[in-house]
Amino acid sequence: MADAAAFDRKMAPDGCGAERCVWHEVPGAPARVEGLAFFDSEKRWDRLPQALQPVLKQVRPALAELSRHMAGASLRFYTDSPEVWLKAQVESPPYMSHMTPAAQCGFDCYVRLPGQPWAFAGLSKFPLSQSTFCVRLARGLPGRVQVCINLPLYTGVRSLAVGLAPGAQMHCPPPPVRSAVAFYGTSITQGGCASRPGMAYPAILGRMLDRPTYNFGFSGNGVALAELADAICAAPGLGALVVDVEANAGPEGLLEENLPRFLDAVRTAAPALPVLLLCGTVQADCRWDSRAADCWQGYAAFERREAERRAAEGDRRIFLANAAELIGGPGAEATVDGIHLTDLGFYALASGLAPVLEAIME
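For what it's worth, our numbering labels the leading residue of the sequence shown as 5, then goes sequentially.
Hints in this document: simulated from the structure, not taken from any laboratory. Glycine included, C-beta positions come from ideal geometry on N, C-alpha and C. Fair warning: there could be bad hints in the mix.
[Stated by the list, open to error] Taking lysine-lysine pairs in the PhoX-like style, the calculated list, with each CA pair at most 25 angstroms apart, reads:
hint, residue 1, residue 2
1, K91, K47
2, K129, K91
3, K61, K47
[Unchecked claim] Now the in silico label distances, taken between C-beta atoms and shown as ranges:
hint, residue 1, residue 2, range
4, Q62, D319, 24 to 32 angstroms
5, G257, G144, 47 to 55 angstroms
6, G257, P170, 58 to 66 angstroms
7, V181, E260, 34 to 42 angstroms
8, R162, G342, 29 to 37 angstroms
9, R162, Q62, 19 to 27 angstroms
10, G144, Y99, 28 to 36 angstroms
Build out the structure end to end from the sequences listed, making use of the hints.
Right, here's the structure in full:
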């Protein structure tokens, strides 16, 4: 098979010039790790706390591995370096046929100039057979900027270092001033099948709303486990929780049993936290398969009844949104495989959710 770099040099991995860098290891560098609720206290590349691991292995063993996937994690810092490099070892090379290597196991980079929104700056282009790589993420940066490096959606990180130009400064940003949004759910929440980490819908919403986000999406395992509620609600600065479990809990027959228990546990941990139930998972076959359509409509109807029941009982901080309605226009073009969203679908979903979240958050 021909190497694409042989006929298009822009397709080649970008790893030239790393010998000029000054490397800053993470943790240890003057940078903030965002999106990992327990990193500051545990210094572990994991989305869930160490104390929960025995429970995970007992009730849902896959979560012990999935929690090490870095969906939603990012590294943020200020620098005046004209280039930003990354040296990383991840837990696996790419392994899925319907999702890009850059999203599964790679990194992407955004920069923010004073008074401007986040702008995409580059991504890791690395040899597909390797789980250790050194790549340039951004070049030609115009003086002091804030940098956000999004970590891989579908693998873990074993080591990480940022490379900057000799003499360049690196400073940690101040803590966020706005409250954060947590997302608990399925592979769609985790980011399947975005083209790169920054295109998962929680990451898009973080930029749209200028708020920190926590991604508790667990591919194939977002089944509304009450055992996770305390950990999710313990995320620092939490201002709202989006619960997007229909696509896993529904087909497994766990939605009606697990969702009320999970919401009860959330209310015990965080009585006033705004909770948004996201129903209406996009399923392509529902357009011609009436039996499938009835099943998915039934899942959404149960979530609607559960939200209405809780509101009637006095919970004024429970809300409902329908993903299919929010995605709207793109319709069937919004997915890769009839289920998992493309960047088009993720952007449409984030755009629809942004005003809903702003309305329910302080």
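Evaluation of the provided hints:
{"no.": "1", "hint": "K91 x K47", "in the structure": "19 angstroms, holds"}
{"no.": "2", "hint": "K129 x K91", "in the structure": "12 angstroms, holds"}
{"no.": "3", "hint": "K61 x K47", "in the structure": "21 angstroms, holds"}
{"no.": "4", "hint": "Q62 x D319: 24 to 32 angstroms", "in the structure": "30 angstroms, holds"}
{"no.": "5", "hint": "G257 x G144: 47 to 55 angstroms", "in the structure": "53 angstroms, holds"}
{"no.": "6", "hint": "G257 x P170: 58 to 66 angstroms", "in the structure": "59 angstroms, holds"}
{"no.": "7", "hint": "V181 x E260: 34 to 42 angstroms", "in the structure": "40 angstroms, holds"}
{"no.": "8", "hint": "R162 x G342: 29 to 37 angstroms", "in the structure": "34 angstroms, holds"}
{"no.": "9", "hint": "R162 x Q62: 19 to 27 angstroms", "in the structure": "26 angstroms, holds"}
{"no.": "10", "hint": "G144 x Y99: 28 to 36 angstroms", "in the structure": "33 angstroms, holds"}
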